[in-house]
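Participant: Sequence:
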Amino acid sequence: MFDIGFFELLIIAVLGLVVLGPERLPGAVRSTMKTIRSIRGVANGFKQEVEQQFKIHELHENLKKAEKQNLEDLSPELQESVDELKAAAKSVQKPYSKE
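Each residue of the sequence shown is one higher than the last, beginning at 1 in this note's numbering.
A couple of the hints might just be wrong.
Pairs of lysine to aspartate or glutamate, EDC-like flavour, derived with a Cα cap of 16 Å [as the list claims (entries may be wrong)]: (1) 55 to 84; (2) 64 to 84; (3) 65 to 84; (4) 65 to 80; (5) 55 to 80; (6) 55 to 83; (7) 65 to 83; (8) 65 to 77.
Label-pair restraints from in silico Cβ distances [what the hints assert, rightly or not]: (9) 13 to 79: 57 to 63 Å; (10) 70 to 90: 20 to 26 Å; (11) 12 to 76: 53 to 59 Å; (12) 68 to 47: 28 to 34 Å; (13) 76 to 10: 55 to 61 Å.
Note that these hints are calculated values from the structure, not bench results.
Quantities reported herein were computed from a predicted structural model and do not represent experimental measurements.
The beta carbon of each residue, even a glycine, is placed where N, CA and C say it ideally should be.
Just need the whole structure built from these sequences, with the hints factored in.
Facilitator: What follows is the structure, given as structure tokens:
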């Protein structure tokens, strides 16, 4: 990713040891790793949200295409999208329906 080799990592480790000292270096490494993990978590959450929005947009586009064809003679992809949207609508309405 950053194209850092072993020699560069070794220089960074030696500089960190000299600047921070052996007492504070492990704590600095732990806090840096914690920060990196939290940034990765935020990035993964953002990525999942964007993918979900793209899927929703695709379903809406497929529904528009299906409506233009009056929900008749649909391609398998469009029919699958329509069925998925119908199932989602039923699952949303299910808790509110009176039995």
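Participant: Does each hint fit the structure? Answer for all of them.
Facilitator: So, going through the hints one by one against the coordinates:
| no. | hint | verdict |
| --- | --- | --- |
| 1 | 55 to 84 | 12 Å, holds |
| 2 | 64 to 84 | 14 Å, holds |
| 3 | 65 to 84 | 15 Å, holds |
| 4 | 65 to 80 | 13 Å, holds |
| 5 | 55 to 80 | 13 Å, holds |
| 6 | 55 to 83 | 15 Å, holds |
| 7 | 65 to 83 | 14 Å, holds |
| 8 | 65 to 77 | 11 Å, holds |
| 9 | 13 to 79: 57 to 63 Å | 59 Å, holds |
| 10 | 70 to 90: 20 to 26 Å | 21 Å, holds |
| 11 | 12 to 76: 53 to 59 Å | 55 Å, holds |
| 12 | 68 to 47: 28 to 34 Å | 32 Å, holds |
| 13 | 76 to 10: 55 to 61 Å | 57 Å, holds |
When each numbered hint is compared with the structure, no violation occurs for any of them.
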